[in-house]
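First to last, the protein sequences are chains A and B.
For the first sequence, UniProt numbering gives the first residue as 1, with consecutive numbering after it.
For the second sequence, UniProt numbering gives the first residue as 1, with consecutive numbering after it.
Rather than coming from a laboratory, the hints here were simulated on the basis of the structure.
Given the structure is predicted, the values throughout are model-derived calculations rather than measurements.
There's no promise every hint is true.
[What the hints assert, rightly or not] Pairs of lysine-lysine, DSS-like flavour, derived with a Cα cap of 30 Å: (1) A:K465 x A:K500; (2) B:K25 x A:K620; (3) A:K620 x B:K23; (4) A:K628 x B:K23; (5) A:K628 x B:K25; (6) B:K82 x A:K558; (7) A:K628 x B:K82; (8) A:K532 x A:K500; (9) B:K25 x A:K558; (10) B:K25 x A:K362; (11) A:K145 x A:K225; (12) A:K623 x B:K82; (13) A:K381 x A:K452; (14) B:K82 x A:K620; (15) A:K628 x A:K558; (16) A:K623 x B:K25; (17) A:K623 x B:K23; (18) A:K397 x A:K500.
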Amino acid sequence: QAPLFHLLVLSMVLETQALTPTHHLTTTDVARLQAVLSQPFTDLKSAYYSVVGLSKLGILVADADETCQFIKSNLDPSSVESLFYAAEASQALSGCEIPVSNDTRDLLLATVSEDSTASQIHQSVSALSSLGLPLASQEVVSALKARISKEDNVLTIILALQTASRLSQQAELGDILEEIEDLAARLDDLSGVYLQFEEGLETTALFVSAAYALSDHVDMEPPLKEDQVIQLVNSIFSKKSWDSLSEAFSVASAAESLSNNRFHVPVIVSAQGPAAISHSQPFLRLQVTDVLCQPLSSASVLVESASTSSSKSAILSQAPFTLRDEVFELNFMASQPASGYYQFSVAIAGDSRFVANHVELKVKVSTRVAINNMDLSVVDKDQSTGPKTTRVEYPTKAKAPFMADSHQNFAMAFQLVDETTGVELTPHQTFVRLHNQKTGQEVVFVAEPDSKNLYKFELDTTERKTEFDSISGTYALYLMMGDATLENPILWNVADVVLKFLDEEAPSTIQAKTLYTPKPEIQHLFREPEKKPPTVVSNAFTALVLSPFLLLLILWVKLGANISNFTLSPSTFLFHIGHAAMLGLMYVYWTHLNMFQTMKYLAIIGSLTFLAGNRMLAQKAVKRYTHKAGPQTKKLSKEPLAPISKNLFFLGATE
Amino acid sequence: MSNSVFSVISRFVEEYRSSTPNKLKVIDAYLLYILLTGVFQFLYCVLVGTFPFNSFLSGFIACVGSFILAVCLRIQINPQNKRDFLTVSPERAFADFLFAHTVLHLVVVNFVG
Numbered sequence: 001q002a003p004l005f006h007l008l009v010l011s012m013v014l015e016t017q018a019l020t021p022t023h024h025l026t027t028t029d030v031a032r033l034q035a036v037l038s039q040p041f042t043d044l045k046s047a048y049y050s051v052v053g054l055s056k057l058g059i060l061v062a063d064a065d066e067t068c069q070f071i072k073s074n075l076d077p078s079s080v081e082s083l084f085y086a087a088e089a090s091q092a093l094s095g096c097e098i099p100v101s102n103d104t105r106d107l108l109l110a111t112v113s114e115d116s117t118a119s120q121i122h123q124s125v126s127a128l129s130s131l132g133l134p135l136a137s138q139e140v141v142s143a144l145k146a147r148i149s150k151e152d153n154v155l156t157i158i159l160a161l162q163t164a165s166r167l168s169q170q171a172e173l174g175d176i177l178e179e180i181e182d183l184a185a186r187l188d189d190l191s192g193v194y195l196q197f198e199e200g201l202e203t204t205a206l207f208v209s210a211a212y213a214l215s216d217h218v219d220m221e222p223p224l225k226e227d228q229v230i231q232l233v234n235s236i237f238s239k240k241s242w243d244s245l246s247e248a249f250s251v252a253s254a255a256e257s258l259s260n261n262r263f264h265v266p267v268i269v270s271a272q273g274p275a276a277i278s279h280s281q282p283f284l285r286l287q288v289t290d291v292l293c294q295p296l297s298s299a300s301v302l303v304e305s306a307s308t309s310s311s312k313s314a315i316l317s318q319a320p321f322t323l324r325d326e327v328f329e330l331n332f333m334a335s336q337p338a339s340g341y342y343q344f345s346v347a348i349a350g351d352s353r354f355v356a357n358h359v360e361l362k363v364k365v366s367t368r369v370a371i372n373n374m375d376l377s378v379v380d381k382d383q384s385t386g387p388k389t390t391r392v393e394y395p396t397k398a399k400a401p402f403m404a405d406s407h408q409n410f411a412m413a414f415q416l417v418d419e420t421t422g423v424e425l426t427p428h429q430t431f432v433r434l435h436n437q438k439t440g441q442e443v444v445f446v447a448e449p450d451s452k453n454l455y456k457f458e459l460d461t462t463e464r465k466t467e468f469d470s471i472s473g474t475y476a477l478y479l480m481m482g483d484a485t486l487e488n489p490i491l492w493n494v495a496d497v498v499l500k501f502l503d504e505e506a507p508s509t510i511q512a513k514t515l516y517t518p519k520p521e522i523q524h525l526f527r528e529p530e531k532k533p534p535t536v537v538s539n540a541f542t543a544l545v546l547s548p549f550l551l552l553l554i555l556w557v558k559l560g561a562n563i564s565n566f567t568l569s570p571s572t573f574l575f576h577i578g579h580a581a582m583l584g585l586m587y588v589y590w591t592h593l594n595m596f597q598t599m600k601y602l603a604i605i606g607s608l609t610f611l612a613g614n615r616m617l618a619q620k621a622v623k624r625y626t627h628k629a630g631p632q633t634k635k636l637s638k639e640p641l642a643p644i645s646k647n648l649f650f651l652g653a654t655e
Numbered sequence: 001m002s003n004s005v006f007s008v009i010s011r012f013v014e015e016y017r018s019s020t021p022n023k024l025k026v027i028d029a030y031l032l033y034i035l036l037t038g039v040f041q042f043l044y045c046v047l048v049g050t051f052p053f054n055s056f057l058s059g060f061i062a063c064v065g066s067f068i069l070a071v072c073l074r075i076q077i078n079p080q081n082k083r084d085f086l087t088v089s090p091e092r093a094f095a096d097f098l099f100a101h102t103v104l105h106l107v108v109v110n111f112v113g
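Generate the whole structure from the sequences, applying the supplied hints.
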C-alpha cells in the first residue's frame, strides 16, 4: 500500500512539472500558412499541396471547378505519382471525379509489390483508396514490411505508416503500428525543449501526421508521452515562414492531426495582451486554443491556486474563468490583491485528450501610488532651534526655497501609499535628485524607508560636500519614483534648496567629466638602435688590433724567417694558390655567400689544395730526410715513416 | 725575493734565446701576435662595450683557437718531443694545422655576421 501511495504522490509531482509549449502558431502565423498554400499553382504537384493543405486547415478552395479542370488536364494516367496527386486533390474538392480506366487500375495494383519504393507503394495505395478502387490490404502490408526491412530510413517508415492508415482495419497492422514507437526513439531531444528528426522539420511534421492517422485508424493510443507531444509541437511550430510548399503542407498536416485526433490534443494558453491587472483593467483574459488557433469552447478553465511570488500564500483557490466571446476571463481585482507579482496555476479541463493542460502564469497587479505627508525641514545641527517643517502637497512645489549651510541639515520625510487601498508601498526606485540649474550638475541620493515604512532623507552639507564638489548655489530638488507595478511613476520638483558650502573649497572651474572625448594619441616608439660608439673610437681600436701584425712581421724579419726553401714545383704553386683561394673564399663568404654555397666552393678548392699540399709536403719531407740522414744512408724504417711512405708511394706512383 | 725572481726570469730568457731552434721562435712570434690581438679585442670590449656581441665573440674565439692550434703545431714540431709523436711528422702536423684552421675560419666567418 505504501509504494502505491508514493507512486501517487510522485505522479502528482511529475504532473505539475509537465511541459507547456514554448512555440505555437498565432493567428497571424496561421494566416501566413494559408497564404503560402493559396498561391496559384503551376503544376499538378503544387495543386495537390495547395488543395489538400488548405483542406487540412479547414478552408475550401474558392474555384473548385476550375481547379478540378486543371487537375484533369494535367493528369498523366501512366504515372503513379501523377495519379496520386490527382486522386488526393480531387478527393479534397467536392464534386470532382477523376475518370479511371482499367489500365490505370492495373498500373496502380501492379505498383504494390516489394520491388517498388515505399513512396510508390504509398502513392498507389492512396490513389486506389481515394479513387474508390479495391485493394488487397494484406499484400500491401507484406510489401510494406519487406520494404521497411530493406530500407530502414525514417521517411520510408513514415510513408509506411501513412499507407497503413488507408488500409482495411481487418488487416494485420500490428507490426507497422510498432514502428511508431521505434521511430519515436529515433527523435533527437534538443535541451528538453525540442524533439525532431535530424532530417528536419518536414520529416518530423510528416511523422506526426502519419502516426496520428494510423493510431486513429486502429483506435490505439500512440506511444508518445505528453512531454514528447509538447516537444514535437515546439519543433514543428517554431518555424514561422516556410521554405517550400511541401514544408508548409507538412506543417498544415501536422497541425490538423494534432487538433483533431482521438488521443492527444495539445492546448495552447496565452494571455490576451500583457498579463497585468489594475483597477482600470480588472480582468485577466486568457485565450485557450488548439494548435491551429481555434478556440476550445468546450473547455472549462479553472484557477487552481494564485499566490504571491514571495509569500506563497494562496489568494485564490479553485476559481473558474467565465467564457465570453471565445476568451476566458476572471475578475482578479475583486479579490483585492495587493500590488505585486502573482503565480497562477491554471488547469484546463473538459476533454480527456487535452495535453499540457496545466499552465503556470505570472500575473502582475499594478496600482497607482500616492505621496502623503511630504514634510521638508531645515534642522540645526546643534539642535538649538526646533526644525521648521513645511508640508508640500503633490504635485505642487514649495513656494520658498530652503536654505542650508554647513551648520544645518536638510531633511525630508514622506509616506507612499496605494491610492485606492491606502496600503503602504515600498517601490524599487525612490530617488532624490538635486540639480544645479546653473552648472548642470546633478547629484542623486536614495531615500530609504524605516521600519514603519516612512521614507526619510537627510542631507548633511558638510558630509556630502564631495558629491557636490563644494559648489554652492540653488539646487532644484526632485523626487523620482518608479516600480514595475506602479502605473504612475513620479518625477516631482518638490522645492528649491540653496546650499552653501565653505567657499575656499570650491574648485575654480567645473570640469565636465570627459569620459568620451578622444584620448591623446599614442606615438609608437620604434625600438631604438643600440648606441654605437663614435667612429673615432672604433677606428682607433681597429688600428690597435691590427698593430700586432706589424710586430709579427718585424719579429719574423729579426729571426730571419725566409722563404729560401721555396721549391719551384707545380704542386707548390698550386698549393699556395689554392690556400690563398680558400682565404679569399672566407672573405667572400663574409660579404656575399651563405654556408651552403661556401661549402660547395670550399669542397672544390679544398680538395685541390689538399692534393697539391699533400704532394708538396711529401716532397719537403723527402728533402728533409735525405738531407738529415745524409746522402749515403737511406734508412727508411717503417714506423716513423708510415705517413711519409704513403706520400712516397703516391710520389712513386705518379713518377 | 724580488731579485731571485728577476734572476730566474733573466736566466729563462737567456736559455730561451740560446737553446730554442729558430723554427720554434718563428712560431713563438706568431703566438705573441695572436695573443696581443686577442688582448686588444678584449680591451675594446671592456672599455667601449659589447656591441656587436657576436662579432666580438667570433674575433676572440678566432684568436683563442688560432693560439691553441699554433701551440699544438709547436708541440708537434719540437724535435725534443719526437718520442711522443712517432707517427706524426712535422709535415703532417702542418697539414693538420692548416685543416683545423680552415674549419676554424669557416666557423668564425659564419659567426662574425
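Structure-based check of each hint:
Of the pairs offered as hints, the one joining A:K465 and A:K500 holds, with about 10 Å between alpha carbons and a cut-off of 30 Å not exceeded. For the hint pairing B:K25 with A:K620, the CA-to-CA distance comes to about 20 Å; that is within 30 Å, so the pair holds. Under the criterion of a C-alpha separation no larger than 30 Å, the hint pairing A:K620 with B:K23 is consistent with the structure, at around 15 Å. With a C-alpha separation of about 16 Å, the suggested pair A:K628 and B:K23 falls inside the 30 Å cut-off, and the hint holds.
Using a Cα cut-off of 30 Å, the hinted pair A:K628 and B:K25 holds, with the two alpha carbons roughly 21 Å apart. About 27 Å separates the Cα atoms of B:K82 and A:K558, which keeps this hinted pair within 30 Å; it holds. This hinted pair checks out: A:K628 and B:K82 have alpha carbons roughly 15 Å apart, not beyond 30 Å. For the hint pairing A:K532 with A:K500, the CA-to-CA distance comes to about 65 Å; that exceeds 30 Å, so the pair is violated.
Our distance criterion of 30 Å between C-alpha atoms is met by B:K25 and A:K558, whose separation comes to about 10 Å. Note on B:K25 and A:K362: the hinted pairing is violated, with a Cα-Cα distance of about 110 Å set against a maximum of 30 Å. Among the hinted pairs, A:K145 with A:K225 is consistent with the structure: their alpha-carbon atoms are about 26 Å apart, no more than 30 Å. Restraint check for A:K623 and B:K82: satisfied, since their Cα atoms lie roughly 19 Å apart, inside the 30 Å limit.
About 25 Å separates the Cα atoms of A:K381 and A:K452, which keeps this hinted pair within 30 Å; it holds. For the suggested pair B:K82 and A:K620, the alpha carbons sit about 18 Å apart, so the restraint of at most 30 Å is met. Of the supplied pair hints, the one linking A:K628 and A:K558 holds, its CA atoms being roughly 26 Å apart against a limit of 30 Å. For the hint pairing A:K623 with B:K25, the CA-to-CA distance comes to about 22 Å; that is within 30 Å, so the pair holds.
Note on A:K623 and B:K23: the hinted pairing holds, with a Cα-Cα distance of about 17 Å set against a maximum of 30 Å. For the suggested pair A:K397 and A:K500, the alpha carbons sit about 21 Å apart, so the restraint of at most 30 Å is met.
The structure fails to meet hints 8, 10 from the earlier list, while all remaining hints are met.
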